[in-house]
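First to last, the protein sequences are chains A and B.
Numbering-wise (our numbering), the first sequence opens with residue 586 and increments by one.
Numbering-wise (our numbering), the second sequence opens with residue 2 and increments by one.
Just so you know, not all the hints are guaranteed correct.
Unchecked claim - Looking from chain A toward chain B, a few residues come up when the C-beta cut is under 8 Å (computed):
hint: 1; residue: Gly653
hint: 2; residue: Met715
hint: 3; residue: Thr858
Since the hints were made in silico from the structure, they are not lab data.
Fair warning: this is a prediction, and the values are worked out from it, not measured in the lab.
Ideal Cβ positions, reconstructed from N, Cα and C, are used throughout, including at glycine.
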Amino acid sequence: MGETALLIFSFCMQTAIGLMLFTTLAKQLHQDRSFKPAAIAAAGLSIIGVLASLAHLGQPLHALNSLGNLGSSWLSREVLSSGVFMGIAVSYTLLLYFKAGGEALNSALRWAGSVVGLIAVFSMSKLYTMASVPVWHSINTFVDFFATTIAVGALVFLALSFKELQDADKRIYGFIVLATVIIQAAAAVPFAVSLGLDGMAAQASAEILRNLSVVIGLKWLLILGGAVLLLWPALQQAAVKANSGPGLLYAAGVALVCGQLIGRYVFYAAMITVNIGLT
Amino acid sequence: MGQYGFYFDMAGCIGCKTCQIACKDKNDLKVGQLFRKVKGFEGGNYPKPWIYYLSISCNHCKNPKCVQGCPTQALHKLENGIVDHDKDKCIGCRFCIWNCPYGAPQFNEETGRISKCNLCKDLLEKGENPACVDACPMRTLHWGELEELKAKYGAEAVTELPVLPKTALTNPAVLIKPKPVALTNDFTLKED
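With the rest of the complex left out, here is chain B:
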């Protein structure tokens, strides 16, 4: 079985955050916890200001630093490449939060454990899509085997962006079709 991953069409994203909310609802996340985040980046000057949005979750990296560093093996890779979390093993040491360069693992004060996106593996097992993918009104999010996503969207998609950590760190399973402005190094994180 190949590595699963996400494809995101930035050019189509309007920053509505429906994916973020669908994910939060599906996973019943508390205030302050987000498995999928939509971040806006802006720049430029009048008359050419620009903005773009990036919807991103756990990238189910091929070389995940969270899995490598997790002392309990609560974080582990499944056969299909999903980085899953076993809450019974987790001791809430939060080392994964220091290790993940995407801010994917989220600490829950109530349970004393972390939790994270598992690509809605329960929905996948039922033949459905992840909640974020189905929720997107612009159909900008897709999931599948990374090699198939590359074959379908690879010509226009990138893995490196100036706002993202270097892919060499963890080899993330994500493809992004960028807006041209997303390739510029001069950006400001838009406030929510």
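Chain A on its own, in the form it takes in the complex:
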């Protein structure tokens, strides 16, 4: 598979955006905490993502040319929104680290980062659904990208903020992640059924997916298992008002991140472009 750079870009950027979303949510719930590690990770991951996207280009030094068609190209829009998000994530981290900004500015940056990040995820989804690649022509592409953003973002946020949230009720995060991956799994079923009924390029993609069925099974096991592993101890803790160690949380995070990474690999591996004789 020759799209490793794009896999790294999309996954890191979506994780960073998810981190920003959950930092914004958590600050609404716990205003006295700073969630610095999550902010640093969001900035770092967005930088890694942008660097990976440059590595994909044949002419990385001319990357700014990619802003030249905002009027009609979703790729231009994706580049702009991802770049602005990276700028916001890095600015937010620097302000937090040097304690330079007031809470009003920090809050504005968090909200702006969340909104711009969601626009970036929408643009990423849209550009893939616009391509002449039938396996990507589906609402499933949107669901997959937003689900990765939310589920991986939540897990990485919780893992990085474990100390700050040790005494907090984490059920809301567990419920959000579980609901997200259930929607993701539910969207995958009609998608898989309809793909085999489409044209030749779609059927060629369906054949690749059939050959990867064990890998896809592992993906769902890890994603759904990770979500349950996150929610279960959160429910237990709430019931007995006790706190357990971070072991299960880290295990849930690793499972879910690996599951979504496998999913993204499959997403690119199944790419077959419509062509002459392959309609």
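With chain A held as given, fit chain B onto it using these hints.
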């Protein structure tokens, strides 16, 4: 100025690939790169097997997905409908390769950019024909304003074929006079 396009007479094509080679030579294309391709399709059974060839390049579509998606505007439409490529703007993102349903844009690893058929616009400016058109020994390839091509060949020509992506996707500026067997859905791509 009207939209330029190609006309291809499939019934006359013998699959010699002279057009493909003339194009490759004219554009000095590297191994693995082809702006014009001749593809063979076969089917049927003894005693009625059949084969036909399709010579196709960039179709200089009226609604080109490559132009719409290109983030740099390196790919753009000229006044005469040619989909041209500005190599100085191209960043080699290869999004056009995902977008074009005809496989027209070709990535060059050495330059880190894509390139594609521009209907030999330099030859057209000199009053000459595109290299592929002049090279065809069977005179099956023609070019011109699409409306004129339609007026001249339209009665026998089609734009939709089972081996081609749906024209509604990009509205390609190409007319093809098909062999009757080219209208069948049961085909196999012939190996080169």
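Hint check results:
no. : hint   : verdict
1   : Gly653 : holds (5 Å)
2   : Met715 : holds (6 Å)
3   : Thr858 : holds (6 Å)
Comparing the model with each numbered hint stated earlier shows that all of them hold.
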